[in-house]
Structures are given as C-alpha cells and as structure tokens.
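Each chain, written out:
Number of protein chains: 2
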Amino acid sequence: MEQQQFEFFANEKLEDPEIVDPELELMKDRFAKLLLGEDMSGGGKGVNTAVTISNSITNLYATVFGHNHKLEPLPKEKKAMWRREMDCLLSVCDYMVETQSSLQVLQDGTPIEVMMTQTRSDICVNLPALQKLEAMLIEILDNFQDTEFWYEEQGSRSSKSVSSGSFTRIELRKEEKWWVPVPCVPPGGLSEESRKNLRHKRDCANQIHKAAMSINSSILSEMEIPDSYMTTLPKSGRSSLGDSIYKQMYVPENFSPDYLLDCLNITSEHEALELADKVEASMYTWRRKAGLGHSKSSWDLVKDFMSETDNRSDKNTVLAERAESLLFCLKQRFPKLSQTSLDICKIQCNQDMGKAALESYSRILEGLAFNIVSWIEDVFSTDRSINHETTNINKSN
Amino acid sequence: MEQQQFEFFANEKLEDPEIVDPELELMKDRFAKLLLGEDMSGGGKGVNTAVTISNSITNLYATVFGHNHKLEPLPKEKKAMWRREMDCLLSVCDYMVETQSSLQVLQDGTPIEVMMTQTRSDICVNLPALQKLEAMLIEILDNFQDTEFWYEEQGSRSSKSVSSGSFTRIELRKEEKWWVPVPCVPPGGLSEESRKNLRHKRDCANQIHKAAMSINSSILSEMEIPDSYMTTLPKSGRSSLGDSIYKQMYVPENFSPDYLLDCLNITSEHEALELADKVEASMYTWRRKAGLGHSKSSWDLVKDFMSETDNRSDKNTVLAERAESLLFCLKQRFPKLSQTSLDICKIQCNQDMGKAALESYSRILEGLAFNIVSWIEDVFSTDRSINHETTNINKSN
Chain A
1 MEQQQFEFFA NEKLEDPEIV DPELELMKDR FAKLLLGEDM SGGGKGVNTA VTISNSITNL
61 YATVFGHNHK LEPLPKEKKA MWRREMDCLL SVCDYMVETQ SSLQVLQDGT PIEVMMTQTR
121 SDICVNLPAL QKLEAMLIEI LDNFQDTEFW YEEQGSRSSK SVSSGSFTRI ELRKEEKWWV
181 PVPCVPPGGL SEESRKNLRH KRDCANQIHK AAMSINSSIL SEMEIPDSYM TTLPKSGRSS
241 LGDSIYKQMY VPENFSPDYL LDCLNITSEH EALELADKVE ASMYTWRRKA GLGHSKSSWD
301 LVKDFMSETD NRSDKNTVLA ERAESLLFCL KQRFPKLSQT SLDICKIQCN QDMGKAALES
361 YSRILEGLAF NIVSWIEDVF STDRSINHET TNINKSN
Chain B
1 MEQQQFEFFA NEKLEDPEIV DPELELMKDR FAKLLLGEDM SGGGKGVNTA VTISNSITNL
61 YATVFGHNHK LEPLPKEKKA MWRREMDCLL SVCDYMVETQ SSLQVLQDGT PIEVMMTQTR
121 SDICVNLPAL QKLEAMLIEI LDNFQDTEFW YEEQGSRSSK SVSSGSFTRI ELRKEEKWWV
181 PVPCVPPGGL SEESRKNLRH KRDCANQIHK AAMSINSSIL SEMEIPDSYM TTLPKSGRSS
241 LGDSIYKQMY VPENFSPDYL LDCLNITSEH EALELADKVE ASMYTWRRKA GLGHSKSSWD
301 LVKDFMSETD NRSDKNTVLA ERAESLLFCL KQRFPKLSQT SLDICKIQCN QDMGKAALES
361 YSRILEGLAF NIVSWIEDVF STDRSINHET TNINKSN
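Taken in order, these protein sequences are the chains called A and B. The first sequence begins at 1 in our numbering and counts up by one. The second sequence begins at 1 in our numbering and counts up by one.
Since the hints were derived computationally from the structure, they do not count as laboratory data. A few of these clues could be false.
Heads up, the list lumps identical chains together, so a pair's fine if it works in one copy or across two of them.
Said to hold, decoys possible - In silico lysine-lysine, BS3-like type, Cα no more than 27 Å apart, as pairs:
1. Lys278 with Lys235
2. Lys78 with Lys28
3. Lys28 with Lys79
4. Lys235 with Lys28
5. Lys33 with Lys235
Generate the whole structure from the sequences, applying the supplied hints.
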C-alpha cells in the first residue's frame, strides 16, 4: 500500500551526464555477477563467493579454450577476452591480506612489536608463478605460426590425406577422439628442424603441466576436509574397499602397494578413479578410528616417526598409512587422474576465495598444458605413420 | 615442499602493457572489498554479501555526510565521491532478475507460455524512487548558497552573536547539541522572502523524510524474521511486558492503546524504543502461541477479518492484535524512533542483496532528510529568538 504513491517514479530515470565507459560497464557486469553468486534474483541463495570465483574461472576457460583443439595462436579477440576477464576475476586476490607481527626499533633503541598487513603469502608465492606458467603456455601457442603441419577441415579429410595407409591410421585416431581435428604433415614427413622444435615445445608444456599439477595438489591439500565428507564416510574401511583388497592390505609382513596394484590390473582411468575414491574414503575412516586428525602436517609426520611403536602398530593407524601409500602409488601410475570425490567436495565447500582462485587457475592451466602435450603427440603420431609407410614402401621396392 | 621450486617466480611481475585507468582501478578495489565481505584475508569468514552491501552504504553515508552539519552545498569532491561509490554499490541491483511467465501467441494463433526474465519488481519500483528522493535532497542542499544566515565558526562565537539575549538562547541550544554549528541571522532577523523559502525547503524535506521512511519500513516488513530472533523470544509475553502493562492489555472490554500510552507517560525516545522492543517481542510470542505465521500479508488480514469469532477470540490472538496496535500507536507518537531489535536483527541476517541495498539506501536518505529539517528548524529558532528580543526591546521602549 505504502509503495503505491512512489510508483510514478518508476519510469523516470535520472539522466546520467557521464559518458558510459564500455570497459567500466563490463567490469561492473562481471563483478555484479560474482556478487550475486549464481543466484540472479539477488536473494543470496546461490553459492558462496569462493565457489563463484572457482566456477567463473572454470567457465571462462571453457568459453575461451573449449573450442580450440589445434596448435595455433589463440585468436586475438579471444586472447583479449581471456586477459580482461581473468584480470577481473583474479583482481580480488590483490586485496587479500594477512596480519603479521614485526619487530621495529624506536629511535631510542627500544624494540616494539607492530602488526603489519601484507598480501597473503600463499597468493604472493603461487599467483605470480601461475601467471608465468600461463604466459609460457600462451607463448607456446603463439609460436605455432607457419608450421609445416596443418589440420584437416571437417568433410575434406579424404582429399588431403596423403595415402590410404596413413588414412586408416588417422581414421582410427579420429574414432577415439572424433572432436579433435586431425593433423596432416607433408608427404615426406616433418623436417628434422620442425621435429626438434616440436619436441622442445612438448617437453616445455610437460614441465608446465607438472608445475601446475603440483601447485594444484598443494592448494587442494591445504583446503579443509568438509564435514559433509566426513559424515558420509563408510563405517568400515574394509566393506568399502572389498574383502580381497582389504586382505592384501592387512598382511602382517611388509605391504607392497605396487604389488597390489599389479594384481588389480587396472585398465582404465575410470577404474583407477573409482579405486582412488574408495582408498581415500577408507584412509579417512581408519584415521578417524585411530583418533588421528584429518590431515597430516609435516610436523605430524615427524611426530609419527618419533612416536612409540605401540601407537604405530595400532591396526587402524597401520591401515590408514597403507591406504595413503596405495593412493600415492595409484596417483603416480595415473598422473592424469581426474579429481577424487574428496577433491570435488573440498572445492564445493571451500569458503576461502584465495584458495578458490589458486586452485581453479592451476587446474585450468594443468588442463591446457596437458592438451598442448597431447596435440603435439598427435602431430608426431601422424608424422611417424608417414615415416613408417615410406619405410615400408622403400622395403617393398 | 612442492612450492619451493616456484618461489623464484614470486618476485617477478608480468609487465602490464595497458595503461592503468584510475577509475577502473577504483572500481576493482570497491568490488573486491564487497566480495571479500569484511574478511580481508579472503577466508570468507566475514559477513554475507547482502550485509556487506548494507554496511558499505551505511559507512559511505557516514564518510560523506557525517561531518556535514550545515545547510550548504556538499563540497564538489565529496559529491563526486558519493556519486561514484553509490553507483558502484547500487550497480549490482541492475543485474538482479526475476523470472515471470508470459503468454505469447505464435503466428498460427497458438498461445504459448514463455518464461521471461526481468529486473526485480521491488527494485524497479523503489530504486528510481529513492534516486529521485536523493536528487531532491542534494538539490535542496545545493540551493543553500548566498543565504541570509551563516554559521558561527568555533571560537569566534561571542564576536558574532548580536546581543547577550540571543547569545544565551544559542548557548543553551549548543549545550544540547554541541557538535552542531550554531546558525546566525542578521540583526533584524531573516527577510520574509528568506523565511518563505526556508519553510518551503523544510516542508519539502519533510515529505522526502516521510517517503523514505515509508519505503524503509515497507522493505523491512518484507524481510524474513530470522530464526535467531524467534528462538530468543520470551516464553511469556506477560513477563516480558511486565504485569501492569499486561493487565491493561488483557481487559475484557475494548482496548485503547492510546489510553495505555498516556498512562505510561513516556518521556524519552530511549524509553519509547525499549517499550517498542518489548511490545514487538510479546506480539511474536503471542502469535507463536496462537499458531499464527510470523508475518501478515494483506491476504492474511482478509482471512483474519473473515474468520470465525471463535478463532478471533482466542486469548493469544487477541493479545497479539492488541500488541500490534500498541506498537503502531507508539511508532506514530515517536515517528523518529530508531530501529527496533527485530529490525536490526533482520538487517544483520538478511541474505537478499536487493533488499539490503533498498533498506540501507532508504535508511540513509531518511536520516539526511531528517537532518535537513532539523537544521532548518535551528535557523528558524535563531530567527525567532532575534524577533522575540526585538519585540521585547520595542515593548520596553
């Protein structure tokens, strides 16, 4: 009722004498959406700001790089979009500070303790590192200009494939990853110079992949384990892992995770991830039973090492440790393993905006580096098949 | 451990080829702080975004208008700051949408229902109204240039006060509100033209005050009652209100809230607010006992009206209704009453960013309008005392 009298205002808009800056408007738009947190009604029933930042970075990566499956420079407008939006999303990190006490000496020599604010140390260390890694990846893509190889356009495949032999090979690859364009090389294969250059790029992207992965897993390990994960843990680690694996883990003599993995004969990433989830859940179940904390700091490891044998020989402690080493070996065997249920749960429950930005940024760089490596491998694969064919022709002659 | 290898990056900063736009940087700063939600560590342990918006608007008002106690145009740089920062804080409202179904007719005449998004109706109605009210208040202040009255600077009071008579009067006022500068008028008082102009401004500011207050209370009434308020309600409305008030409320014959208020003889705003808090708490206690919902929509009121006498005569329902009318009368007697505990609780628990912006915006405009009215009254008061004095001198002659 009270509102009726003001409705005549509704269609009036105050005249804005300022010229609208498109850059500023875009920024307002992006920040407003971050603030709304995926509840576009403004009701605040969406996700928290940390998750919004994480999802925004993930979505931006999909928008900019999602349709790119070739070794070629990123189109200019996409690069500009990427730069602008990432700057916007990451800018919030510049304002996150931590308080530290610092000793200052007065003019009369009296030392006093003062509290200083400074940018968070995890951001200081990791953000410039990630920005450097990103710049290196973009540079790698930028350098793929005037290359000896090229990509087959859809529908024009047969006309460009050099012979039926290589065609079959490519066809097979295409069935596996039909959405990835097929690289083509000249009839005589790549030049040695070109191969050397590609090998260098691949090794470089591989290093970047490892670096991004290592930052990502270190950020993930620093995220709190959500209560929701702990409450859904199985009551018994044994029932979750299954009797056969459990029996192999609960042996009196020395436990060999590698031997166990050999026996399990895991054939796909999917199987590996399923096992990783189970092992991780069992590990936390046993840790909880043993009365251990959720995560182990390096200090905990020292204490473990120094603690008495009685404690170390506790059944649940032993099982938790064995599960940990099994998980470690599994991840080493499948370095490209997707995130486990715990990782996903951590990302979804995380409230820390700094960790959200670092985790998602490192995750997408890991993905981009991995893709570049595999696209280079695709070119090598085509090149090898051409060489192989030429050798065969030479042999049959 | 894994982080060590990247630390060499930490001191490198990517060169930014773009020229830094100060406007853009300021915007980033403001939005980043909104996103951090008063937890500058980025840990997300601060307040929710709605509360951050509300607090930011309140704080901005204090910064820009807090030191201003005179009828004079707002300094240019403060006005620019106000405009820029409010635009930034309110811009998030432009992105809040609601979904509504709408009937569209296809070319063949088939009607289909489509879902459309549009700006939230409460924002569409109230935000332009508030912006208009704000513009009117700023204009009122802007028009106070080359006025017949002026303000005494601190320490130069005695030299400018025209006579000992008026000096005493001013001195008294200053003791009540020592922080408010004292207005001075020419020896003969204000011109009739000037008085007319001031009266017009006062009436105008008064209307704006009422309008802002009405929007504010309508937004507050639409905010959910927090569970935390309901759980802290007293078990008995009687014990909270005290026996004497309770006995006057629980009379068989017609209850007169005005008579009760007359008896209570409330002398200060403070007493009034204390009573309002108690009455409001008792009202919700009785409503809960009667099994009524927290808030009454207009439809509920219709149902109340149409419901059977049995239900209406339930003791708790009657008491809740009487408490409601008592609260209403109390607020009418003390129109400048501060927010009740429930209002404060609602603002602190509110998650809706749109309501947060509208509530805080209307609240500060209410405050500014109220101040302008009282500053004009101060000028009139000085003017009257001069006139009175002149009349006295004339009489004694």
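Against which earlier hints does the structure fall short, listed by number upward?
-> 4, 5
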